[in-house]
Amino acid sequence: MNRILLMILAAAALVAVPFIGVPPYWLHIMIVILIWSFAYTGWSVMGRFGLVSLGHGAFMGIGAYGTALLWNHAGLTPWIGIPISLLLAAAFALLIGYPCFKYRIIGHYFALVTLALSVIIGQVIVATRDHTGGSLGYTPEPHGGEGFSIYALQFPEKAHFYLIALGAWVIGLIIWRAVDRSMARYALEAISEDEDASAAVGVQVTKEKLKITVLSAVMTAFAGAMYCQYQLFVSPDTVAGVGISLQIVFAVVAGGIYTQFGPTVGAIITIVLAEVLRINIGELEHLLGFRPFGLDNTIYGIMLVLFIIFLPKGVLGTFLEKYLRPAKA
Amino acid sequence: MLEIKGVTAGYGDFTALFNADIEVKAGEAVAVIGPNGAGKSTLMRAISGMIPLKGGAVTMEGQDTRSIPPHKIVELGIAHVPENRRLFPRMSVEENLRVGCYAPPFRAKFSERLEFVYELFPRMKERRDQLAGTMSGGEQQMCAIGRALMSDPKILLMDEPSAGLAPVIVQQVFDLIRRIRSDGLTVLIVEQNVQQVLKVVDRAYLLEAGSIRHSGSSEELLGSEDIRKAYIGV
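The listed protein sequences derive, respectively, from chains A and B. Everything in the first sequence is counted per numbering that gives the first Met the number 0, starting at 0 for the first residue and increasing by one. Everything in the second sequence is counted per numbering that gives the first Met the number 0, starting at 0 for the first residue and increasing by one.
Calculated from the structure, these hints are not laboratory results. Source: prediction; values computed, not measured. No residue lacks a Cβ here, since even glycine has one placed at the ideal position from N, Cα and C. Do not rely on the hints blindly, as some may be mistaken.
Unchecked claim - For lysine-lysine, the following DSBU-like pairs were computed, each having C-alpha atoms within a straight-line distance of at most 35 Å:
{"hint": "1", "chain 1": "A", "residue 1": "K101", "chain 2": "A", "residue 2": "K321"}
{"hint": "2", "chain 1": "B", "residue 1": "K124", "chain 2": "A", "residue 2": "K321"}
{"hint": "3", "chain 1": "B", "residue 1": "K108", "chain 2": "A", "residue 2": "K210"}
As the list claims (entries may be wrong) - Calculated from the model, a selection of chain B residues having no Cβ within reach of chain A, i.e. all distances over 10 Å:
{"hint": "4", "residue": "G9"}
{"hint": "5", "residue": "G11"}
{"hint": "6", "residue": "G36"}
{"hint": "7", "residue": "G55"}
{"hint": "8", "residue": "M59"}
{"hint": "9", "residue": "Q62"}
{"hint": "10", "residue": "E74"}
{"hint": "11", "residue": "E111"}
{"hint": "12", "residue": "F115"}
{"hint": "13", "residue": "E125"}
{"hint": "14", "residue": "M149"}
{"hint": "15", "residue": "A162"}
{"hint": "16", "residue": "Q191"}
{"hint": "17", "residue": "S214"}
{"hint": "18", "residue": "E219"}
Turn these sequences into a full structure, and let the hints steer you where they fit.
Okay, structure coming up:
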């Protein structure tokens, strides 16, 4: 009962955020955190079963660029463009997943194959710069009217997009929970421990892995589409490619790969860190004598190593284990 | 029930099993004995569809299994207890058993089968929440057998159930097999522990260097001078 009350209060507080005079900058940070939380949650639904993908930057890019390109070039409303982009992401997930799972490419090798997908999608965006804007980025055309447009899914008012991102974030958490409580979870855990033994007792290894990979890819692509519609600007550095793939993995590991809110905590950590570095880059330059470009990635890298060694369950996972419930047998 | 006709199988260019003929009738317990590297595990993997056949055919109750994927072979009623048990070590005993019942046709029977397995192995009920990898070898073997029984199989394939276990535990495992048998389940066991296994099965085949060299009732094989000398050592 208490739990339900708490959830209702938390939901009310979150919905109220844009109406209580939160400064636009903070609202912006919250929207970005919600969108990335959704992407991270999408990664973690497969990552928690040992399916470590370094290809999710590609899926995110497909969602973002697909939506923007279909709107600009084909005049398709995101209401149609987003589903098409999601289908495209699902197709890529199948394209890369099926041969990997069929021929038992697992663990590090799977990570490497998916890394290649990130590289390829990143390169394709840069190489087709006449259509995609290349590394300079790409802007979906404004809808050409005043205020917001439901047809174009463009909302100049941050409050509107905040509510959309909040809704998506909740749906992401619901999907995470549904996977956690499904029968497929047992099969996927078994597969992550021993593929042969799972097959021997009747688990369809390839099919189970494909299902979760497609779900994960589609979720991440949807995050990309949301990012595109919110920022109305996409570039390979911000939504596609290797850097994003690594950021996704880092954030989820940092937050907690096995807990429902772990990816959200990871998003808070990474985005706050990136903002702090961005705001203070001038002072850092003064201090160091050079402009520390790529400092955030360096810190991510160091922290990733430290987390894997000292806090493999992430910040939230470790906290929950220590303080909230006795260690599960 | 299970018929293996002229089966040749192996890995890549390597052939480990040549032209094997084995038959298991309903209600029988049959062993395939032989030394290390004779092709025993290859035979088991060929039956359960884990590796493709290079020749011959496996039929289960008249149905050719050649084009059937492993998970569908389980649905035909063939359950496999793999060599070295191959439990899911970081899952609890009950979760391991749940995976054994994962294929859609079995799911509805989960609680019924769970009760059956717990009745057969009360120890597993006591340890239901324990991580499978933290149990003793004998308990893990029980769990592996239990996991295979969750799909209510018609025939149980057991690959070296005594491997890596202390002698006292080996004795317990064979007692278990005797009990499973007496429930009327058909069993095909592959074993190196020839003396023990011949006491619990009706018939046996001797597999050497990939070929069936000999077959007969347990008494015949136990009485055979060659087998006593080579495999029992008395």
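We went through each hint and held it up to the structure:
no.	hint	result
1	A:K101 with A:K321	40 Å, violated
2	B:K124 with A:K321	28 Å, holds
3	B:K108 with A:K210	24 Å, holds
4	G9	17 Å, holds
5	G11	14 Å, holds
6	G36	19 Å, holds
7	G55	21 Å, holds
8	M59	14 Å, holds
9	Q62	16 Å, holds
10	E74	7 Å, violated
11	E111	17 Å, holds
12	F115	16 Å, holds
13	E125	13 Å, holds
14	M149	8 Å, violated
15	A162	15 Å, holds
16	Q191	20 Å, holds
17	S214	26 Å, holds
18	E219	32 Å, holds
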